[in-house]
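Asker: Just so you know, the sequences run in chain order A and B.
In this text, residue positions in the first sequence follow the working numbering: the first is 1, and each later residue adds one.
In this text, residue positions in the second sequence follow the working numbering: the first is 1001, and each later residue adds one.
These are computed hints drawn from the structure, not numbers from a lab.
Glycine is no exception: its CB is placed at the ideal position from the N, C-alpha and C atoms.
Misleading hints may appear alongside valid ones.
Calculated cross-link-like contacts (lysine to any residue; reagent style SDA-like; alpha-carbon spacing at most 25 Å) [to be verified]: (1) B:Lys1507 x B:Thr1542; (2) B:Lys1396 x A:Gln143; (3) B:Lys1412 x A:Lys225; (4) B:Lys1327 x A:Pro94; (5) A:Lys70 x B:Val1399; (6) B:Lys1420 x A:Gly219; (7) B:Lys1035 x B:Asp1444; (8) B:Lys1203 x B:Leu1438; (9) B:Lys1048 x B:Pro1206; (10) B:Lys1327 x A:Ala204; (11) A:Lys208 x B:Cys1351; (12) A:Lys208 x A:Thr113; (13) A:Lys225 x B:Glu1347; (14) A:Lys214 x B:Ser1436; (15) A:Lys214 x B:Lys1035.
Reference excerpt, derived from the structure (chain A facing chain B, CB under 10 Å, subset only) [unchecked claim]: (16) Ser98; (17) Ile118; (18) Arg137.
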Amino acid sequence: MRRVLFGAAIAAMLVVANGRAAVQNAAADALAPLEAAVEAKPDDLRAANDYRMAVIQAGQYDRALAFFQKTVTAHPASANLHLNYGFEYVDKIPAAGSITQVILANNALGEFTKSIEIQPSWIALYTRGNSYLFWPRIFGRTQLGINDLEAALKMQRADKKHSYHVRVLIALGDGYWKLDDFAKATATWKDGLAEFPDNPALKARLSKQGDDLKVFFDGVYDANKRVDTSLKDLWSEQ
Amino acid sequence: MKRLVLVCAAVLAIVGPRGRAAENGPITFEEIAAKAGVSVRHHTRNFKGQGADVLHMFTSGGASAAVGDYDNDGFDDLFVTDSDEGTTSHLYHNNGNLTFTDVTAKAGVGGGNDASSIVADALWFDYDNDGWRDLLVVRFGTPLLYHNEHNGTFKNVTAQSGMTTFGNTIAAIAFDYDNDGRLDVLLGNYFKPQNLLDVSGIKKDPHVLPNDLDRAVNGGGVTLWHNLGNGRFEDATKKAGFAGHTGWTLDVGHGDFNNDGLQDVYLACDYGTDRIFFNNGDGTFRDATEKSIGFDTKKGMNVDVGDYDNDGWLDIYVTNITDEYMKECNMLWHNNADGTFTDLSRETGTCETLWGWSAKFGDYDNDGLLDLFVVNGLRSGSPDNYIPVLVNMITKPGVDFSDVNSWPEIGKMSWSGYQKKKLFRNVDGHTFKEISALAGVDNDRDGRGIAVSDFDNDGRLEFLQANADQTPLLYHNTSAGVGHWLELKLVGTRSNRDAIGARVTVKTPTKTMIREVDGGNGYAGQSSQRVHFGLGPDARITSVHIRWPSGTQQDVTVPVDKITTITEGAATASK
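For reference, chain A alone in the conformation it holds in the complex (with noise of 0.2 Å):
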């Protein structure tokens, strides 16, 4: 019985992965009009995140990489493409080995690094800032992303309030955990959930302890995982 259930999965899995394969063909067949967008606007945040979404479905990370070296040489002043450039090198990691996903991961710091020297902007500080929490602690890089997130949260209390500001937040009192600091970091997600009311992640964190939350983290910081790299609340925003 196990095993009819056992060939009954391979068929299946078989059957999604031709599927995956089509899925990936069409979607690579669009990558070329979606790269003329970009090189038209380089420094469209929406058009470069479009773009990426694309290569995902593609599996299509080395073509993507290589586009947006090209373009960030013919454009190195502008401060989004090199964001999207550093989210490019994000995309790849959770396809790569394990010591393959630390040298993506650090090219994705170079990339955000140039960004916010061109223009910090409160986009790419909160990027940046959230990256270094990926890091494990032994590379004492959880400060540096605290020191992100926190400048990030200072822009956002001089700016209107937008949904996705909640996103500071979480990370802050994730970057404050990881510190071993519980104390601030429940703080900071209660003080998340006051001006965010309901929201899922925060709640989720707060109702842990212990191992518990650890477990959590341990896969909400997975990099066999992949992250949510899409820009699109900073635009759909009602």
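Using the hints, position chain B against chain A.
Answerer: Only chain B this time, still in chain A's reference frame:
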């Protein structure tokens, strides 16, 4: 196929306390290495010249142990390797009372660590079918083959054997891949075949390290030595279909993965994909990696083979690296019975063992389910951690990983050190529970090899843990209330004398189990060639069936809680 129904029951008289009905009592071990007389430290090779520190680090894998009853007295003996120049490996004779006598000097098998060679692993196998186990010592260098002279001494017959090709060999198994009745040898080679001890050679070509840390293809691959039967071996690597594999092989394993009577091969590779080869039955193998397991980018360290869920199909356990800075997860390849495998390490709870090395299946509580002991830990040094230093190198744009000069010195720094060993108790054939602390085996040494055997012939499995640059640990199984058991020593006649690859199926009123005679599976270790079955509360065996490598099928009747010798095709058992 002629089926022999035989009753044979000459029991080797040395048996321990009779097994009792298992009630899942605790598994417990007592560490007795010093008391047993096997507590001699291993030494990793010290290099000279360019990249000496880095090469020392990369070659710290040679602490191994091989179990074999070389004098046919019914007790498994031990060979433990050392690796630095001027040190000797050790042959320990089992005195039968959990003490051992170092007989290296008399036996003449301690050598091998010279100015151009590093001892890395060892293997007992009866290559000439004379009934006495011979010893193969593999090296970063050329192998050494010692013929057992039947009197406690050994003769170096390497030159006559033809096994004289240089390789940076780290793993070895013996199995009869063409079922011609003679044991062949498969060697796993780590580095490409360049002598790392040749200072001027390294200066001239320092590109000896992996060219990619996830997809390296510049390793040593494997070497298959076909036994010609006249004391000579020929290199059959290319003919058998292994020449295309150029990965960084750390371990090699064998077993009949598709139940066709032929021994198949699994290769665990560092810095890149493992590979699985199915035996075509005509002296060649086919690489089925893509279809069977898929390509991976992990750091494969170990292969062990066993049917952990008693479904009649051999499964495979591979250790990788899972630590704070790297999350690879091990692989417990569940055999889907159709030529494919599914990794169920997460589902079974055997995924995380830190920087894994050897892992061995064994039914340590005789409940009929294979448990799993895993050793780990790369280098326990100072509080300073090498990882941040290493990552600075890895992330340097354009760095050439293969160049020994690219790698920062490690000095006395730690790298995945002080790691607690893992003992996974098989709960129900589908899940495992980690019990190393309760069992008393949660040491934090830099483990490498494991050799499993019932050293005191009491039906409970012990194991020796070989450690890099540290003394080994010998764990005596003191578990109380374990189940009934059965051990078989198989003697081939048409098949290879050691019966390596023979498949034994034991049925009791409550379960059916399979085991195969093991020709050296598991990193840096060789375990007993006797097959051990825990029977749990079943004091009655319904049937014992042996499928010999020759194809002979044999049914035997054997007593419970005893060690029994079975000779292929014999109407009565040998003594």
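Asker: Now tell me if each hint is right for this structure.
Answerer: A quick look at each hint next to the structure:
| no. | hint | verdict |
| --- | --- | --- |
| 1 | B:Lys1507 x B:Thr1542 | holds, 5 Å |
| 2 | B:Lys1396 x A:Gln143 | holds, 22 Å |
| 3 | B:Lys1412 x A:Lys225 | violated, 35 Å |
| 4 | B:Lys1327 x A:Pro94 | holds, 11 Å |
| 5 | A:Lys70 x B:Val1399 | holds, 21 Å |
| 6 | B:Lys1420 x A:Gly219 | holds, 23 Å |
| 7 | B:Lys1035 x B:Asp1444 | holds, 20 Å |
| 8 | B:Lys1203 x B:Leu1438 | violated, 50 Å |
| 9 | B:Lys1048 x B:Pro1206 | holds, 13 Å |
| 10 | B:Lys1327 x A:Ala204 | holds, 23 Å |
| 11 | A:Lys208 x B:Cys1351 | holds, 24 Å |
| 12 | A:Lys208 x A:Thr113 | violated, 33 Å |
| 13 | A:Lys225 x B:Glu1347 | holds, 17 Å |
| 14 | A:Lys214 x B:Ser1436 | holds, 22 Å |
| 15 | A:Lys214 x B:Lys1035 | violated, 42 Å |
| 16 | Ser98 | holds, 5 Å |
| 17 | Ile118 | violated, 20 Å |
| 18 | Arg137 | holds, 7 Å |
The structure fails hints 3, 8, 12, 15, 17 (numbered hints given earlier, in ascending order).
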